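Engineer: Produce the complete structure using the sequences and hints provided.
Sequence order for the protein chains is A and B.
Under our numbering, the first residue of the first sequence carries the number 1, and numbering increases by one thereafter.
Under our numbering, the first residue of the second sequence carries the number 531, and numbering increases by one thereafter.
Certain hints may be false.
[Stated by the list, open to error] The calculated PhoX-like cross-link candidates involving lysine-lysine, where the alpha carbons are at most 25 Å apart (straight line), are:
1) A/475 <-> B/568
2) A/495 <-> B/601
3) B/559 <-> A/154
4) A/403 <-> A/505
5) A/403 <-> A/433
6) A/458 <-> A/475
7) A/505 <-> A/433
8) B/596 <-> A/154
Calculated directly from the structure, the hints in this document are not laboratory data.
Predicted, not measured: the structure shown is a model, and the values here were computed from it.
The lines below spell out each chain.
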Amino acid sequence: MLQTGEQAPRFFLEHLNGEPLSFESERGPTLLVFFETDCPTCRLTIPYLNKLATQAGSSSIIGISQDNKAATRELVEHLPILFPVVLDRDLSVSSAYDPVAVPSLFLVAGGKVLATEIGFDKASLNKMANIICDAAGLAPITIASEFDGAPQSKPGCTSRHLEPATDGEIALAANAYARRGSRASRITLDDSVDPFEFCASFGDPLPVIPPTVERVERMLSATSLAPDEVVALIPPNYGAATVEKIAANAVMAGCEPAMMRVLITLIRAVCDERFNIHGVQATTHFAAPLVIVNGPLRRELGFASGSNVFSNVARANSTLGRALQLILTNLGGARPGEIDMSTLGNSGKFSYCIAENEEANPWEPLHVELGFQRSESTVTLFAAEPPRGVSEHNARDARGVLKAISRALATSWSYRLCAGIEALVVLCPEHVKTIVRDGFTKQNARDYLFDNTGIPIKHFEDGEGEGTQQVRLYKQAVIDGEQCYLKFQNPTAIKIVVAGGAAGKFSAVVSSWAAGPRGSQMVTYPIAEF
Amino acid sequence: MPTILVNPLDETVRFQGTPAARLDTLEGKTIGLLDISKPGGGIFLDHIERLLREHHGVSQVVRVAKPTFTKPAPASVIDQLIAARCDAVIEALAD
Chain A
1 MLQTGEQAPR FFLEHLNGEP LSFESERGPT LLVFFETDCP TCRLTIPYLN KLATQAGSSS
61 IIGISQDNKA ATRELVEHLP ILFPVVLDRD LSVSSAYDPV AVPSLFLVAG GKVLATEIGF
121 DKASLNKMAN IICDAAGLAP ITIASEFDGA PQSKPGCTSR HLEPATDGEI ALAANAYARR
181 GSRASRITLD DSVDPFEFCA SFGDPLPVIP PTVERVERML SATSLAPDEV VALIPPNYGA
241 ATVEKIAANA VMAGCEPAMM RVLITLIRAV CDERFNIHGV QATTHFAAPL VIVNGPLRRE
301 LGFASGSNVF SNVARANSTL GRALQLILTN LGGARPGEID MSTLGNSGKF SYCIAENEEA
361 NPWEPLHVEL GFQRSESTVT LFAAEPPRGV SEHNARDARG VLKAISRALA TSWSYRLCAG
421 IEALVVLCPE HVKTIVRDGF TKQNARDYLF DNTGIPIKHF EDGEGEGTQQ VRLYKQAVID
481 GEQCYLKFQN PTAIKIVVAG GAAGKFSAVV SSWAAGPRGS QMVTYPIAEF
Chain B
531 MPTILVNPLD ETVRFQGTPA ARLDTLEGKT IGLLDISKPG GGIFLDHIER LLREHHGVSQ
591 VVRVAKPTFT KPAPASVIDQ LIAARCDAVI EALAD
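Structural biologist: Structure representation (structure tokens):
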């Protein structure tokens, strides 16, 4: 592969329409993009380059297709591609530049290669975009923002010129990041049909609001995105969550139009590869996505964070949670009892959404702890069991309250299973007052819980069971004079939020599904304007 | 006045495939065993491998494993099975 500093060869290829392109590498900075039409990473990258082409002029980018005219034309029209594309019919230019994979980007100026990038990488894309904008006398732009639902980077496919001469790859389902989908079809109901009865099969077994054209249009008026824009593909069936389909499900859930920006952010977040919604939907375990809302939008949109926060207390909480579940079922396909074969299920699959009680939280709220501004609003997702109660009325100090919580934490997943799981501790306002009165910061509390949640090793001597086969992975510690296996691998496995009403000494532990890169990881997305 | 609804369901046109032809015999075949990496899966597949070799005359058994049971098999694992030219693949779990 040609490296930075090497001579950039000139070449002569044809555009799709037959017009010749004579590329003189001495010209101003140009981005050459080698791609294949069936490579999902190329399809992921091109929309970002479209953005650059729109800002800095389409002549700053040249797409070099390694495939035939028909496949290339199809991609140019449907993705679409907004910069010139030429066909490297005999792969001679590919051989000259020798990209190891596609997509490969070569930033070329003054006859030389200034920079290269293999695969999709947001940081690299932004860097190259700035060089192009700088040369065009424009202010620097960010073409790839952090929280748009796409991963930070993604490897590409083998370059066509390096493939052995056998059958080409089959384009798999994942046209993953094509930005345009189709419009939803319309269903016309006869006057004799009760729309509520007709819609009875659209999602959860409770009644939904029929998604009439008028209601959906009102929902769509709350966003500036086009109705056929694809926000995400929902696992496990990878159905397209277009803005219009999201709006229809939002209507069914009973959302107000102002909720659309939160819901669109939430759909991007739930499809973040780190959260692994595919695994969460396919497991026989209890897990369901728990939504936690932070920031000023809680007040603005009517989210409840006090009494009954886990119940049916606020339209915002209940409808956002419900809209998420309807979308997961209707577009993702994991219908409970069918693809979703969870043994016992989870009542959170009706709706599982809380807001943090930031006003009663003496420490920094969850989103600030994670690096966001207090003035930003965020949604966080956690693959969660139902909450388990910790009733603690007699402990008079922080340690007493935290000990009670640690005993509940010890039973996360299953008593003797240590490591590989996480837990969310939901502290009620009365408990958090006691804890903070003894001078504990949030981190102090987390460390205390980590250090003191352990399973006595003697409990591993009474027969095999869940967790006893993995003891070689567990860390040991002495807790209250007893040799124990530490429940969690790391203090970061314990998440802490403050929520609930002002009266009552009842906190909760919410255990996770399989955690970490091999399971599900908690994700937090800032709520954007759409 | 009829009520017109916006279809809230997934309308993706799905490709209708046909299942591969079934094998008429296991004799002389190459069989892939794909472990989804649940606990005990290896033991279960060891049994299957032994049965295939001793009782069904397969000529080759190819063993591969997913890195985690929580996600679909990555392309690199599927590629191994394709490269080995398996006649059939058993994907299995134990637990």
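Engineer: Which of the stated hints cannot be reconciled with the structure, identified by number in ascending sequence?
Structural biologist: Failing hint: just 3.
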